[in-house]
Amino acid sequence: MGVVAGVRDATRIRSAWLISGRPTAAMIRLDLFSTLTALAPYAVVAVAAALAGFVLQNDLHRVQEDGLLVIGDPFAVSLYGGVLLLSVYLAASAAMAVAREREQGTVELLSYGPVSAFSYLLAKFTSHVLQYTFLVVLLLGSYLLLAVATGLHLRGTTLLAMALSIGPAAAAAALGLLVAALIRRVRPTILAVLGLALGTVGLQVAREVLVRLPAPEFHVNPVQVLRWAAVAVSSITQWLLPFGYVDRELSVMLRGDLAGALGVTVAACVYAAVVLAFAAAGLDRTGIRR
Amino acid sequence: MTRAVIALLFLLLSAGTARAQVPVKERQFVYGINAFAWEGYVGSLSARPPHTIYVLAGHRSIVSARETLVYFWPITGEYRADWSGLNASVDGTLEVLQAGRAVTVLPRQPYVIQYPNGPDSGPAVLYVGEEAARRYRAFVEARDQYRDALARYLEARRQYLEALDRAAAARQRGVTVTLPPAPEEPEPFRLFSSDVHDGFLINLPQGHYAIRVRGPDGRVVAGSQRTLVAFTHRREAVGFTIVPQTRWTVPERADEPGSTIYARQDQVLYFQPYAAREYNDLAYTRLVNPQSAEGRSDGWRWEYSQSLVEDRLQLAGASGVQTVAGRPYRVEQKTGEALGYEVIEPPAGQTSDFSGFKVQVQGTLNLALLDAAGRPVPGSERIVRVPRLGTAWPLGVIPLLPLTLGAAVVAWRREQVGRTRRTREA
Amino acid sequence: MTEPVVRTEQLTKRYDGLVAVRDLEVRVEPGEIYGFLGPNGAGKTTTLLMVLGILKPTAGRIYLWGRPLEEDPLAVKRRIGVVGEHDYVYDHVTADEYLRFFADLYGVAKPAARIDALLDRLGLLEFRTLRARDFSRGMKQKLSLARALLHEPELLLLDEPVSGLDPHGIVDVRHLLLELNRSGVTIFISSHLLSEVEQTAHRVGIMHRGRLVRQDTIPALRGLLRRDPTLEVELQAPVPDLDARLLTLSVVRQAQTHGRRLVVTVAPGADHRGIISQAVAAAGGVIVGMHAHEPTLEEAFLTLTDAAVERWVS
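Going down the list, the protein sequences come from chains E, C and U. Residue numbering for the first sequence follows this note's numbering, beginning at 62 and increasing consecutively. Residue numbering for the second sequence follows this note's numbering, beginning at 16 and increasing consecutively. Residue numbering for the third sequence follows this note's numbering, beginning at 15 and increasing consecutively.
You may find that some hints are simply not true.
[Stated by the list, open to error] Here are the simulated SDA-like cross-link-like pairs (lysine to any residue), alpha carbons at most 20 angstroms apart as the crow flies:
| hint | chain 1 | residue 1 | chain 2 | residue 2 |
| --- | --- | --- | --- | --- |
| 1 | U | Lys70 | E | Leu146 |
| 2 | U | Lys154 | U | Ile184 |
| 3 | U | Lys70 | E | Thr187 |
| 4 | U | Lys154 | E | Gly343 |
[Said to hold, decoys possible] Beyond 10 angstroms from chain E on every Cβ pair, some chain U residues (computed):
| hint | residue |
| --- | --- |
| 5 | Gln24 |
| 6 | Val33 |
| 7 | Ala89 |
| 8 | Gly98 |
| 9 | Asp242 |
| 10 | Glu308 |
[Stated by the list, open to error] Sample of chain C residues lacking proximity to chain U, with all beta carbon distances greater than 12 angstroms (derived):
| hint | residue |
| --- | --- |
| 11 | Gln129 |
| 12 | Gly233 |
| 13 | Gln431 |
Derived from the structure by calculation, the hints contain no laboratory data. In this text, a Cβ means the ideal position worked out from N, Cα and C, and glycines have one as well.
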């Protein structure tokens, strides 16, 4: 009886693989091939590496001038910038991939076959996460070369932070897919994704500025209202938008709190799963026809 | 767009208007806070709106219940007290509650804060009750004695200088005169003391509390409810103040045990160890200033707690392991026309400017403070590295490598497709 | 009795008050070639998309091989090959990579051999390593057909399959479709090219303004229009007043000349070619050709989609 049940389960798994898993794997391979044979991802890594070079050059200058530099992690700032840049690129790339395919009609083409909205988006999501992994490895390689060239130490926590940043990056990719699922055209999709990314940063800056602006509370003052709004909105968006997860994961990991960083990564993965489900529902609702 | 510009102008104008107005003063109940903060007591204010009070758990701090005139000072964006306008003590006891239950009731008592080495150096000491009054009296007495001694000294000096003048004039006439001994200046009076005030002595374990003042009539004084947070450190370690020989007035701190010290080869550094504790960034910021908008609730910071008196520093490098003893050092200007200064061990009878462990950087060094038994003090390990300070061109070339890889991939792809097109044309 | 491959029941699709498809009842039997005809905006593509599960019907049901579509749409789609209205291709891959991807998607066994065979059959073998986006319209259409056939589907859904093809290409595709049908593939063609459908389809459904006006075999549709026989006569030279002379004959219902071409409608029941020949000769004309005119599918289509006739049919 157990053998029969086992054989039945194996048949079901094989059937599920044939029906859903194999098409998804095929789409992942095609997507990876197309994105990694374009120049854009390498250019983004180059920019991130250049940023790191600039920051490290400043540190070396300080050592040269002051004779002394005490620093927790010389790659911390570079890591922040690099991971954030790659995450924004990932979100935009995922969004653009879906929007372009919708405009070109190739999504409809896929739907002629054994491809559902969810398996399509899952393939896009997975291929982009794999792409991010590859880019992080490239960036890590650049950091290693920079460490050798400068003699500034690349710490284990930096490596771990880069590895765990895959979780928040996956969340960014999921957000890009959700935006593309809800907005049909390429240009508005890209503008929406970049708007969300820059908006997150801008909101943080605005919050920091408004919190420091003088505003007595026994006078009615518009700064009070703006400050309250900025604090309220940013406390929501830091959970609703993936870039908050990027910030949290990096700052926790760079403090050496591995358990905390793992927690943030898991939370980001849950976020990605939920958003991906919404994206699939959104794509079903808005339709795959151009 | 026009509306947005007008709205922005309105906003800026109102902010500017706020600055130009005479501050409105409001009579309020406030807590004056003298919070223990290792290097001294930090004075701050908790007015209305009710700012949460932060204190270090397990250490004595003072909160005073007062009535004063509170105004908003827009330049710093803080509420301030006009003590000179009104500074009335509020009678009553301080009730401390936790989860709705009374933890303790504190009586009002006199206190004084004194700085044995002066207000800008060394730790402060808090005295309460009878001892506060006694210490204050002793301070006043000592100060008065110093003043008298100083007056006597000044008088003796005046006479001495007159005697010098007379002796010089007599010498000119060929008369030898015995000079009186030069008067000795009295020892500098370093002790600084606050006046005696009254307040409630807080020394609570870690936790969140509610406090309020109950007046002699049994009623809670209006506006006296506050939240009080007693917080403690997360970690302890050994921090170092590092004085570079080339910039001895600009030391750096290596608080974080994981921090790395980068220095030039052959650079001389002086390490001054201290005990450090890691506190929540938000809590410590609010300890120093309850009105501060800065500080991250998920951030941490290291704070100096006290100097350490271990006398050996172990250095492990390519040339082996050695220990260095702590010594006093003095900064001497170079003589003659040469610019700059030297750091030397002070000759006998001369004071030192600082003390520390002298380390000459020779490649990567692992250092650790040793205790009396010769064991490394936990949390004192640091690493000193020498970065490459040569040409900067590799930093410009390395970012091009991923781009080059990308270009190669794109070219390969084009070649894959392009080749067949040529075949077709042929 | 075998289930129809495609069957729709009261299939309806509404868009904000506009009814694109109304109460459609289509049956496609196994092994047949079914032509789906209709003017622009009749609802053909909408129907096709609903059958594929891409558009959700407002009402009605769709059955494929006797099972409701919603039961397991992904498994059902593995048995269907589709050439859509537009020739969508990925712009960054070669034709070979394009087909390999879809072979992978469908889990085709021995994909390389299958791809080679299809490309060869459709005359695209030498262009296999060109970017698909650089193909001409007709080549893209053939490439789409190759894609649809990769996984040896049991049902082929074709929307304008020969659009963009030159006459050779059209003939090639026609032969291929007939070949596939002989091997058991059911084919559903939606097309404007009535002459092509007439040469390939066993049965035809005619759509007009969202309704299925008629669904029958081609001979039966032609038979709807068979009234009085018509003779088409080709003259050596135009003959003046020939129409009037012919109309004097009792067997002639209608006569029209257009230059050297004469179209005569005669009474049914007998062969009147002799009488007509004599009448033309008497008028001084020389006949160089004569044949009976069979109603075409186009005529049937135009008639059935005429609003006035539609009322008659219903």
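Right, here's what the structure says about each hint:
In summary, the hint linking Lys70/U to Leu146/E is not supported, as the alpha carbons are separated by about 40 angstroms, beyond the 20 angstroms threshold. Of the supplied pair hints, the one linking Lys154/U and Ile184/U holds, its CA atoms being roughly 14 angstroms apart against a limit of 20 angstroms. About 28 angstroms separates the Cα atoms of Lys70/U and Thr187/E, which puts this hinted pair outside 20 angstroms; it is violated. Restraint check for Lys154/U and Gly343/E: the C-alpha separation of about 31 angstroms exceeds 20 angstroms, so the hint is violated.
Every C-beta of chain E lies more than 10 angstroms from that of Gln24/U, the closest at about 23 angstroms, which supports listing it as non-interface. A cut-off of 10 angstroms between C-beta atoms confirms that Val33/U is not in contact with chain E; the least separation is 18 angstroms. Listed as a non-interface residue, Ala89/U fails to keep its Cβ farther than 10 angstroms from every Cβ of chain E; the least gap is roughly 6 angstroms. For Gly98/U, the condition that its CB be more than 10 angstroms from all CB atoms of chain E is violated, with the nearest at approximately 7 angstroms.
Against chain E, the non-interface label of Asp242/U holds: every CB pair exceeds 10 angstroms, the least being about 47 angstroms. Separation of Glu308/U from chain E is adequate, the least Cβ-Cβ distance of about 37 angstroms exceeding the 10 angstroms criterion. Once the 12 angstroms rule is applied to beta carbons, Gln129/C is consistent with being away from chain U; the minimum gap is 78 angstroms. Taking the minimum C-beta to C-beta distance to chain U, about 73 angstroms, the non-interface status of Gly233/C holds against the 12 angstroms cut.
Remark: the non-interface label on Gln431/C conflicts with the geometry, its nearest Cβ contact in chain U lying 8 angstroms away (cut-off 12 angstroms).
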